[in-house]
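Novice: Sequence:
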Amino acid sequence: MYSIRTKRIYKAPEENDGIRILVDRLWPRGIKKESAAINAWEKEILSS
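Residue numbering for the sequence shown follows my numbering, beginning at 115 and increasing consecutively.
Derived by calculation from the structure, the hints in this document are not laboratory data.
Keep in mind that a hint or two might mislead.
Each computed BS3-like pair below joins lysine-lysine, with the alpha-carbon atoms no more than 27 Å apart [what the hints assert, rightly or not]:
#, residue 1, residue 2
1, K146, K125
2, K147, K121
3, K121, K146
4, K147, K125
5, K125, K157
6, K146, K157
7, K121, K157
8, K157, K147
Between beta-carbon pairs, the in silico distance windows are [what the hints assert, rightly or not]:
#, residue 1, residue 2, range
9, E128, E148, 18 to 26 Å
10, I159, Y124, 15 to 23 Å
11, E158, K125, 19 to 27 Å
12, E148, M115, 31 to 39 Å
For each residue, glycine too, the CB sits at the ideal point set by N, CA and C.
Produce the entire structure from the sequences given, and follow the hints as far as they go.
Specialist: As structure tokens, this is what we get:
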């Protein structure tokens, strides 16, 4: 069984995070894309 947890992108990644997916239409302010600790950015799956 998998679990889904929400976490702010501004928090540092932890060992037990697993795959990190950003679900937001706009890129967060103050976070460089090169240094973001995410595996994917899914901006199209949000409801309108």
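Novice: Any of the earlier hints contradicted here, and which numbers?
Specialist: none
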